[in-house]
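In case you want the letters, here they are:
There are 2 protein chains.
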Amino acid sequence: MIAARVMRAMATPVFGHLDPAFIPLLDDVRERLKRLFQAPEGSFMFAMSGTGTSGMEATIANLVRDGTRVLAVVTGYFGEQLVEMCRRYRATVSRVDGEWGRAVDPEAVRVALRTSGTGAIDVVACVHAETSTGVLNPIREIAALAREHDALTLVDVVTSLGRHPVDVKGWALDAVYSCTQKCIGAPSGMSPVAWTPLAHSRRVASRSFYFDITLLEDYWVRRKYHHTLSSTLIYALHEALVALEEEGLENRWERHRRHHLALVRGLEAMGLHLLPPAADRLWTVNAVRVPPGIDEAAIRRRIVDRILDRNWRRPRSPGRQDLAGGPDGIQFDAPLLLLFLSALEHVLRTAGYKCIPGAGVSAASDALASEGEIERAGQPS
Amino acid sequence: MIAARVMRAMATPVFGHLDPAFIPLLDDVRERLKRLFQAPEGSFMFAMSGTGTSGMEATIANLVRDGTRVLAVVTGYFGEQLVEMCRRYRATVSRVDGEWGRAVDPEAVRVALRTSGTGAIDVVACVHAETSTGVLNPIREIAALAREHDALTLVDVVTSLGRHPVDVKGWALDAVYSCTQKCIGAPSGMSPVAWTPLAHSRRVASRSFYFDITLLEDYWVRRKYHHTLSSTLIYALHEALVALEEEGLENRWERHRRHHLALVRGLEAMGLHLLPPAADRLWTVNAVRVPPGIDEAAIRRRIVDRILDRNWRRPRSPGRQDLAGGPDGIQFDAPLLLLFLSALEHVLRTAGYKCIPGAGVSAASDALASEGEIERAGQPS
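Line by line, the protein sequences are chains C and S. As numbered in numbering that gives the first Met the number 0, residues 0 to 380 make up the first sequence, in order. As numbered in numbering that gives the first Met the number 0, residues 0 to 380 make up the second sequence, in order.
Any given hint could be a false lead.
For chains that are exact copies, the list does not tell them apart, and a pair is met inside one copy or across any two.
What the hints assert, rightly or not - Taking lysine to any residue and the SDA-like style, the derived pairs with C-alpha atoms no more than 25 Å apart in a straight line are:
#1 K353 with P276
#2 K168 with W252
#3 K33 with K223
Simulated from the structure, these hints should not be mistaken for lab results.
Could you put the whole structure together from the sequences, leaning on the hints where they help?
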């Protein structure tokens with residue numbers, strides 16, 4: 000769900016990527032990204048023209064070359080993808096493997112770094128919010144260890160930036176990338192990146208032209224042609240960043256924490272359990288264990304096809320309808336949460352799962368009400 | 000100027016890139032791209048998530064590796080960019096340099112290929128429509144020569160596809176990329192690519208993960224996650240392709256040829272001259288020689304700031320306005336052409352340039368009227 004104001008921003012007439020009238024907006028995006036990432040002075044803030052995966056490759060392409068020694072912390076699919084990409088750029092990759100569904104133990108990272116010795120690892124690569132398992136990794140601790148051993152950190156904040164605290168300066172992160180369509184609230188297509196002075200001082204010559212940080216800086220800072228940035232996607236990103244600052248970064252984190260806790264309360268009341276232990280959980284992705292005998296893919300399909308579609312996603316023919324349906328995404332989380340629990344209960348019980356009817360919605364609703372969420376949910380901001 | 004229908008399509012609710020409801024639209028985009036490129040059966044049609052530059056790198060990343068022998072035909076900035084990218088992927092690049100502002104002579108390509116010998120060149124890389132000089136290169140002839148010498152062709156059709164004939168099958172092209180924001184009429188952000196079976200049979204292992212054609216095919220054909228395609232940009236691309244087919248591909252080519260000829264008539268009536276000779280000219284980019292004593296950058300700035308803005312581009316605060324201003328881009332070419340000539344005359348005369356007042360607009364208007372363009376221009380499609 001994208002906020003209506005962000006969708007409307009995309010209807011702004013298309014400015015050229017070097018049009019003098021477009022440049023102030025671009026500069027404002029860079030300033031807002033700097034505050035969102037909490038990046039140190041002198042960082043190069045930009046958004047890669049592509050998805051989060053393009054941001055991942057952009058940071059790697061400028062820090063990794065033949066023989067660069069990377070320590071990759073792997074706790075899920077996206078950790079594996081970091082390894083894969085670093086190998087393609089011919090890094091020598093060593094790994095710290097954590098159990099999938101658990102946050103990595105910083106002690107394991109300490110041991111790996113100590114075993115290698117100070118200066119023996121160039122880059123520690125890690126995913127902050129591992130989408131594939133719903134786990135939040137202790138990036139602050141990992142980054143502190145990396146700094147002790149004179150290694151840079153390359154960090155994926157695709158599923159955290161904007162909904163979990165991320166503090167590039169305070170945690171001493173170096174090359175950090177995200178995406179627009181998860182926690183920032185704009186459509187997919189751009190990958191915001193924080194590239195600190197320290198990362199810049201240790202950059203390598205990029206093999207890639209598209210991902211070359213020097214050429215990207217030529218455009219974003221020095222206004223020289225490199226590629227044709229999509230002003231349309233920048234309008235959306237800008238509006239999403241404005242909305243985020245209007246709500247307040249800390250308020251947004253807190254809102255997602257509350258919603259996560261209410262959802263967990265509801266799931267538990269239905270007898271369901273999350274994969275990660277409570278302390279390791281993301282607020283943004285809730286990985287639920289599938290009860291015995293339940294066909295998970297069929298359950299998901301039924302929720303999407305038969306329940307959510309009817310209420311929120313009509314019409315089903317993109318390109319044939321003028322206006323976005325449904326209420327404003329920003330205000331929409333609490334009602335959607337209850338709708339989802341109701342739908343999940345319905346399809347699970349239809350599939351033979353036993354739980355107390357209404358228990359999930361009721362428990363989550365109580366949790367939301369105790370925080371004043373339900374009353375607030377319907378009001379305009 | 001993007002057509003209002005394309006802008007509206009982007010307001011369609013955001014579907015997930017693997018949502019079953021989204022897949023038919025994606026398949027339809029592939030079919031339409033196949034017709035637009037006139038690609039042979041079995042071609043992999045897709046749109047790279049990024050700008051035209053990303054499409055350029057995607058084709059190179061999958062055809063060029065250490066030691067690949069590339070013959071690059073260079074007649075302008077984008078030809079140089081092809082050389083630069085191929086070198087970054089460690090190709091051995093030889094060049095055919097044409098005069099900037101002229102189409103390359105196929106004979107020069109023949110000599111270069113003959114000198115190298117059959118099988119000695121793996122890839123002939125060339126820009127069809129050289130944006131930097133307004134020149135159309137004879138790709139058909141070049142591709143025929145490449146085929147004779149058993150080389151693949153890698154072709155940039157960024158400024159031609161949709162407004163000049165491009166015939167991937169008929170001309171025997173192999174890896175061909177474009178962009179969305181020039182001749183297709185959607186916002187920037189995607190790069191349509193035609194990847195033929197022959198290109199596929201000679202692909203190399205991609206160093207890049209983001210640009211890996213096998214992983215891209217995993218997503219576009221086999222529905223496996225690779226990156227989060229922007230459904231918003233696909234809605235826009237789809238609607239632009241629908242609009243293009245409604246007008247008819249050949250009608251659109253012809254319309255742009257007519258407008259180009261009318262613009263040239265107007266420019267010549269003002270005593271101005273184009274850089275390329277008539278036979279080498281693009282219909283899509285008209286490169287005008289700057290008269291002696293005229294500050295070209297100042298002229299452009301004044302046209303944008305003081306004339307076009309007032310009429311067509313208000314408001315100047317993106318993200319603060321709900322609807323795209325101005326009429327539908329598809330119908331807009333003829334009036335804009337006259338407005339442009341009027342603005343150009345005004346700023347040139349203010350800068351001291353001598354020409355007969357009204358001569359440019361009048362000549363272009365006559366040319367448009369003789370084709371029935373002016374009457375048609377204001378009518379809805």
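Hints and how they fare:
no.	hint	verdict
1	K353 with P276	within (24 Å within a copy, 79 Å between copies)
2	K168 with W252	within (18 Å within a copy, 53 Å between copies)
3	K33 with K223	within (22 Å within a copy, 34 Å between copies)
Going down the numbered hints, you'll see the structure goes against none, and every one checks out.
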